[in-house]
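Q: Chain by chain, the residues run as shown.
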Amino acid sequence: MDLFHDLFFDYTLRTVALGAATLGIVSGSLGTYAVLRGQSLLGDAVSHAALPGIALAFMLTGSKAPLVLVVGAALAGWVGTLAVMAIVRRSRIPFDAALGIVLSVFFGFGLVLLVVIQRLPGGNQAGLDKFLFGQAAALVTRDVAVMAVLGAAALGAALVFWKEFKLLAFDEEFGAALGLPMRRLDVALTTLLVIAIVIGLQTVGVVLMSAMLIAPASSARQWTDRLGLMMGLAAFFGALAGVSGAVLSATTEHLPTGPTIVLCAGVLVVVSLGLAPRRGLVAAWLRARRNRTNLREIGVLEDLYTLALQHPDDPYHPHPVATLQTMTARPESVTPGLDALAERRLVEPRDEGWALTEQGLSAARVFARYVKEEV
Amino acid sequence: MTQAQLEIQLIAATVAAACALPGVFLVLRRVSLMSDAISHAILPGLVLAFFVTEDLASPLLIVAAAATGVLTVVLIEALNRTGRVKEDAAIGLVFPLLFSIGVILIARFASGVHLDVDAVLLGELAFAPFNRFVVGGTDLGPQALWVMGPILALNLAFLAVFFKEIKLSTFDAGLAAALGFAPGALHYGLMALVSVTAVGAFDAVGSVLVVALMIAPPATAYLLTDRLTTMLGLSALVGVASAVGGYWAAHALDTSIAGAMATGCGVLFALAFAFAPERGMVAMARRRCAQRRSFAEKMLAVHLLHHENTPQEDRECRVPHLQEHLRWTHDFARLAVDAAERDGYVLRRADRLALTASGRVYAQESMVD
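Chains as they are written, first to last, in our numbering: chain A, 9 to 383; chain B, 3 to 371.
Accuracy of the hints is not assured; some may be wrong.
Taking lysine-lysine pairs in the DSS-like style, the calculated list, with each CA pair at most 30 Å apart, reads [unchecked claim]:
(1) Lys169/B - Lys88/B
(2) Lys88/B - Lys171/A
(3) Lys138/A - Lys72/A
(4) Lys88/B - Lys174/A
The set of hints was computed from the structure by calculation and includes no laboratory data. On a predicted model such as this, the values are computed, not experimentally measured, just so you know.
Please build the complete structure, drawing on both the sequences and the hints.
A: Take a look at the structure:
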């Protein structure tokens, strides 16, 4: 109960948890588009590319106000994205290499600037390098307010252009055919993504930010095939990972916040991949097993039907197990198959062996016709 | 130039060359971001090996980190094969997770040791010469050189031995598999090589800038040549050039050497992107311009031929009319007419245009194409 008390009344924990939740909601819901459009790693490039923007914003204004730094980060992230697109469109460099170049070169340049700032007389970079690794514990109310306002604006824009962005994600050509400005929409959605990234930098840092975009959306994808639901779930998973990571790291010594949040998001991915109802790996395995058993049962039923055809005057003539076993490549499956079929009243045991029931005969006829048509 | 300066440049150049060689194949095989994933994900392997050996210089660290790198690739591919997650998302899920585990391991069990996250992400080349390799009291040079030198040699040896196999599997994986060249084994071999190189380079330039050295020089070379061997040589050259250039830039500005090296890679790439002889922006723009002009000349010649000796000739074959008929702007029409006149296809008297004999042939040939 102490934990809940602290969550509401302890200033640091409350601020950090609120910040992490905001970040999770915004990056989770906008990350949905990144994952669906196959741009998962664009987030990684943008978050690295933001670094020189932060440094330049500080050098030009001398201010460390969150809004100034975030605007600088967003501008640089945006320039980085445009650079990636220009490289891909105007040369034969593939998309992934373009991402790698922009990511590392911008980051390197940002590092150069940071060290220059550090060595400027009077100017200290303290507070800037928290963008590198993220320092959730250093969040103050003002930071969270900036995050919340920017995040709400980005989410609001995503809702206003809901159907346009949906078209962009699923059928760009159709959107273009309808006369929608798809290129401009692409830039707009990317801009929203940039906003989602830069507001998270301060909490989880440059390296781990991309995971906050990808993990909640990838988890949500496993549970549903509907965009709206996926986005809502991703926001929920993002917030869940954010808050649980923040709380865990606050209550445990030597547990850095950013990596803990990412670890929580990772756990959600593993759970979703495993346990989601239809796409989950466990569900898929069960389904495959059931299909296999069904197929085996049908095999036994068909064999019995083949034998019944030998007795046109008495299709319910019983046959011994041994006969059925000679007819299949998997003799060991005959007895369990018969038992399962008997349970469904398709076959019945007699003194001399097993026989089809009336139901079994008609079922076998259906399958036989089906198989024949297939062949 | 002091000895320390020379040594730093030597280390930087070795790192750059060692990174560029496997990087060529990452770029060509479109798996560039595996370098990003591997260079981050090897952290937990490095930390665990450090717990065992308690020695940052132990070669076991490199082995463990390389194994973690290959494990990363296996994990990404396994996740991708489930069909639930696209490949790029799989990369983006696996490496931050492994990196997080590494950071948490350091924070919980190794705080206070030299192994801190700053060093891992950023590296510090300036301190490399202070770490000497001493055997029996004899100073054999900086340790980093003794790590990166053999790694460079290993990369060269791997390429020399498997050159034909790796070339074939890069450009035609299907044929390589059909001929029994085991593209899978080669792929993992390459990834192991990338991991080993990343671990070695890690210490000097940090994990993010390893990506710059592995991807940017090969991409630069890719814009300059179509031959694999030339590309390998050029990549190494570009890498070494940005390493040395970066060092002196950092020296002048008193800033991060690794950052300046990465910036140098970016500058060289941007130069190639703009000015590469065949594929640069400038070359492409000039080619487009030339094509437009030659097409306009053809249009003009065909137009004149079409109206030659017809009643409308007097009206159609005038410069102002071209603007109307061919929808050319005034300037463009003048440009086209000037070009055609220069090439001897067209004669101009005041506004009136007439084809020359060679212009007539040119127009007829243009229509046949």
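Q: Next step is simple, just say for each hint if it's right about the structure.
A: Consistency of the hints with the structure:
1. Lys169/B - Lys88/B: Measuring from Cα to Cα gives roughly 27 Å; hence the hint holds.
2. Lys88/B - Lys171/A: 24 Å, holds
3. Lys138/A - Lys72/A: 12 Å, holds
4. Lys88/B - Lys174/A: With a Cα-Cα distance of about 19 Å, the restraint between lysine 88/B and lysine 174/A holds, given a limit of 30 Å.
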